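Student: So the chains spell out like this:
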Amino acid sequence: MSDITKQALSELVENIKSKKLSSSEVTKAFVERSEKSKELNAYITEDYTNALNKAKKFDEKPNLDLKLPGIPMAVKDLFCTKNLRTTAGSKILNNFVPTYESTVTQNIWNEGAILMGKLNCDEFAMGSSNETSFFGNVQNPIDKNLVPGGSSGGSSSAVAAQLTPITIGTDTGGSIRQPASFTGTVGLKPTYGSCSRYGIVAFASSLDQAGPMAQNVKDCALLHEIISTYDEKDSTSIDFKRNEYSKELTKDIKGKKIGIPKEYRVDGMPKEIEDLWKKGIEYAKDCGAEIIDISLPHTNYALPTYYIVAPAEASSNLARYDGVKYGFRAEGENLIDMYEKTRSEGFGAEVQRRIMIGTYVLSSGYYDAYYLKAQKVRKLIKNDFDEAYKKVDAILTPSTPSSAFKIGEKTNDPVSMYLNDIFTVPVNLAGLPGISIPAGHDAKGYPLGLQIIGKAFDEQNILNIAYAMEEKINFKNNISDWWI
Amino acid sequence: MDLVSKNKSEYLINRHDNQYEVVIGLEVHAQVTSESKLFSTSATKFGAEPNTQVSLVDAAFPGMLPVINEYCVKQAIKTGIGLKAKINKRSVFDRKNYFYADLPQGYQISQFKDPIVGEGKVILDMPDGQKEVGIERLHLEQDAGKSIHDLDPKNTFVDLNRSGVALMEIVSKPDLRSPDEVNAYIKKLRSIMRYLGTCDGNMQEGSLRADVNVSVRKKGSKEFGTRCEIKNVNSIKFMQMAIEYEANRQVDLIEDGQTIDQETRLFDTKKNETRSMRSKEDAHDYRYFPDPDLLPLEVSDDFIEKLKSEIPELPDEKKKRFIEKFKLSSYEANILVSDIETSNYFENVIKKSDVKLATNWIIGELFAALNEKNLEITESPISAGNLSKLINLIKDGTISGKIAKTVFEQMMEGDKDPQKIVEEKGLKQESDPKALEALIDKVIDDNRDKATEYKSGKVKLFGFFVGQVMKVSGGKANPQLVNEILKKKL
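Protein sequences, first through last, are from chains Y and L. The first sequence begins at 19 in this note's numbering and counts up one residue at a time. The second sequence begins at 7 in this note's numbering and counts up one residue at a time.
Since the hints were derived computationally from the structure, they do not count as laboratory data. Remember, predicted model here, so these are calculated numbers, not experimental data.
Straight-line C-alpha distance at most 20 Å; calculated DMTMM-like pairs for lysine to aspartate or glutamate:
| hint | chain 1 | residue 1 | chain 2 | residue 2 |
| --- | --- | --- | --- | --- |
| 1 | L | Lys127 | L | Glu175 |
| 2 | L | Lys160 | Y | Asp355 |
| 3 | Y | Lys343 | L | Asp158 |
| 4 | Y | Lys394 | L | Asp120 |
| 5 | Y | Lys251 | L | Glu41 |
| 6 | Y | Lys428 | Y | Asp285 |
| 7 | Y | Lys343 | L | Asp108 |
| 8 | Y | Lys343 | L | Glu55 |
| 9 | L | Lys461 | L | Glu490 |
| 10 | L | Lys102 | Y | Asp386 |
| 11 | Y | Lys251 | L | Glu304 |
| 12 | Y | Lys391 | L | Asp120 |
| 13 | L | Lys119 | Y | Asp386 |
| 14 | Y | Lys359 | L | Asp108 |
| 15 | L | Lys160 | Y | Glu349 |
| 16 | Y | Lys35 | Y | Asp77 |
| 17 | L | Lys160 | Y | Glu351 |
| 18 | L | Lys137 | L | Glu33 |
| 19 | Y | Lys54 | Y | Asp21 |
| 20 | Y | Lys251 | L | Glu76 |
| 21 | Y | Lys343 | L | Asp165 |
Partner residues are not named here, just some residues of chain Y that face chain L (Cβ under 10 Å, in silico):
| hint | residue |
| --- | --- |
| 22 | Arg215 |
| 23 | Ser333 |
| 24 | Ser382 |
Residues of chain Y clear of chain L, computed beta-carbon distances all greater than 12 Å:
| hint | residue |
| --- | --- |
| 25 | Asn318 |
| 26 | Lys408 |
| 27 | Lys473 |
| 28 | Asn479 |
Ideal Cβ placement from N, Cα and C applies to all residues, glycine included.
The shape of chain Y in the complex, shown without the other chains (with noise of 0.2 Å):
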C-alpha cells in the first residue's frame, strides 16, 4: 500500500488487525514522511530508530487486542518521556532527559502505540503561533508562510501533513483547538480532570489539559478514550464515569439543544468568521439540533482574566527552572547572579514576559486587584455557563476570530497575539470541554473551524454533535505536498 499515510487512524488499525499491514510497514511509512517533511520543522526530536525496532518487535508477537496496535505517534514535547529528551520547546530544557513517563503518554503506549519522536511547540506552551519555540517556528502544510497555530503548532502541522496518523497535545488557553483550527484538523480539550497532568510541563495548572488531535472527529474520539483516565498522582484528577466514547459515538443528536452566545460576535470580526458560524448554525439545524439564542455575559473579560491567571501560575511553575538541579545552567559568580544569567539565557522573551506579568499580579499590593479579583471574575465566567447550560446542551462558536495568519505578523504584537485566544480561553477558565473540527475555507482558502462546548464531563455530547456536523460539512484540507 502506498498511500498509508494517508489512511486515517481507525483505517490503519483496522489494516493491522486484519494484518493488511504490519506495524512495521505503518511506522516505516509515516517515519519516511517524516523524513521528507523536515522543512516544515514539527519535530524536536525524532526517534525514528527506535521506533522502527518497536514496530519490528510489535510484528514479532502482535498483540491484536490495543485499541492503538503497533500504530506510531509523535507527541506534543510537553510530555515527558521516559529515556527521550523532553524540552517544552525551551533552552532551559534543551538537555533534559526524563527518567519517568507521563501518564497520558504511558496510557497511549499501554494501547500499543509507538513514539516517533516530540512535536515542536511554544516555549513551555506560552503562544498562538509555535513562533516562541527555541526549536524555531513550524510551518503550515497549508501553506509555507503560516504559522500551524499554538502552542501545539508542531502537533496540528504534524497531523495536518500526516506525519503521523493522531496525535496529543495540550491546551491552556487554546492550544489544541486553535492549531486544530488553523491547520483544518480537529483538536479536543477535555474536561479540566479528565486527563492527568502527571508528566506534563506545566504552564498553568489549573487550565492545563491534554487533549486528542486527529483528522476527523472519530480518531479523536477513539485516542480520547484511551488518555482519560483517573489518576492518584494528580490531585486535580477526577474519578468520574468515562465512556468509551468511540464505541458510543453517534451522529444522531436530533433534538439537542445548542446555544449561541450573542458575545461571541466581536468587534471587528471578520465577515468570513460571521458566515462560518452562520453555516454551522444551519449545519447543526440539519442534524436535527436545535438552535438556541444564549447569553454568556462575562465574555468580554474572559481574555483579561486569562491573562492573570495564566501567567500567575506560570511564574511560580517555572520557578524549579533555576540551574540547580537539571536543565541549561549559566555559570555565575555567586547563586543569585548564576539564576539571573540561567534564567535571562534559558527562556525566551514570551515566557520571561508572562513571568513578570505573573510575578506583578501576585506581588504583595497587587494580589487582590489583579489574582483576587481575576479569580472572582472566573467564578463569574463559570457561572455565565451554568446558567446557559440549564437551557441548552452545548454552545457552538468559532474557534477563532481569524484563519491561520503569516509568520512574523504578529511577533511585535503580543496583545493582538492574546487576542486570537479569545474564544478558546472562557472554555478554559470554566473547565469544560471543548472541540474544534474544521468547517470551511476563507477566501484565501485557508481552514475556519467551529468549536463545540460542552457540559464538564459531557465529551460524548460534544463528540456526537462533532461527529455529525462533520458528515454534513463534508471538509476537505487542501494540502499540496509542497515541501516534498
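Once you've looked at the hints, dock chain L against the given chain Y.
Tutor: Just chain L, lined up with the frame of chain Y:
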C-alpha cells in the same frame, strides 16, 4: 548593672527608673512523625546518606505533582485536638515563592490564609501557678532541603533528604513574658506532641525548631513594642539566651532614645548575640497564592471525631488524675507526666507497689542514676517490674531503705531481680529481736565508757550507738527495732 527582677515568675528589665516587660511569641516548626513526606512517598529517616531519600516530586522535576499524605493530615489534626484547638474542616495549601538552592520547586507548599488548625491553648505550670498561652494557628508545610556551605571553599552542597518533609508550624499568641515561660512552653508543647505521637520533639535532629518574636514595652503599657523575629533557633537554651540578649538590646535602644526596626535577626550561638539578617524593607515578597496543583483540603466531622477517639490521655488530664487518685503533689505529678515514657513507667511500677515510695524512688534515685549515666527512661537498666519488687521489699521490711540503695545500685548494672540480689548477698534485714539484743549487748559492752556518759545525760550519744549497731550488723539491722531495743538497754 542589668538588674532583672525575678520575684515570682515576673521577668522585668530594669534601666534607670524604668521597668520593661518582654513580650514573646513563638513560631514552632515541629516535624510530623511520619514514614513518608507531606506530598511524596519518600522516606524521612534521620541521618540517611545525603540525597538518598529524594523522589522526583521532592526534587521538583518537570511535570511532577504533589499528592497529600493523609497520615500527615491526621497527625496535624491530632495535634490540633491536643492543643484544644479549632479544627478547620476546610483548609488550603498555598505556595510561598522564593528562590534558594535547597528549595527545588522555587516555592514551599504551606498554608497561609486557611490553616488546618485554628485557635487553641496550652497550659503552663509555673512556680507561682498556671498560665495559659494562646495558640493562634497550626498549619502544615513542607520543609526545604539543606545547604551545606562548609564542605568546600567554593561550592555549596545541597542535600534534599529533608525537602518535602512535613512540618507543623505552631504559632503562639504573644502571650509569653519570660525565658522561663518559653522553656515551659516548648517543653509542654513537646510533651503534648510526644503523648500524641505526632512529633518526636528531638531538637538535636532538628525535629523541633522555633522562630522567636521578641518585643519590649514599659511595664503597665498596653501597646506592643516593635518586634524582631529571631530565626530558626534550635534549642531551648539558645532561645532563652537569644531572648535575654534581644530584650536587653531593645531596652538599650529605647533608653537611648532610638527606635527599634522591625527586622529578622539571627542568633549567633558562639558570640551569644543576635544580629540583623534583613530589614522589613528587604523582606521577601513571597507572592502567596493557592497551589493550583492541590484542591482545598476538606475533612468531615466523622473524620475528626474518629481522630478524637484515638487521642490518648494528655499530660494535663493525666496530672489531674495522678493528683486526685494517687494523692501526688502538683510538683510530683508535673514531673511524672512531663513525658509519656516516664508516666508509663510510673504507672507500671505502681501497679504492684506503694505509690508514695514509688514516686520518691523514681523522682529521686532513678532520675539521678539515669541522669548520671545520661540515659532516657526508656533506656533504664531497671525495669518497672523490678523497681516495683524493690519497693515491695522495703515496704514489707525485708530490707531497709539504706540497703535498698545498695540493691538499687546493683540493679542499675543490669536488670537483676532485687529479690535475688538480696538473697545472694545476704542483705536481708535483721528483724529478730533476740539476735538484735545480742548484737546490742555486745556494742554496749564494748563501749562501756560511752554508755556511762549517755546515762549521765549526754543523750546525743544515742546516734553513736545506733551507728555502731548498724556497722556491726553490716547495715542489715532493722533500724526501727534497733532504736527500740537500744532505748530499753541504755
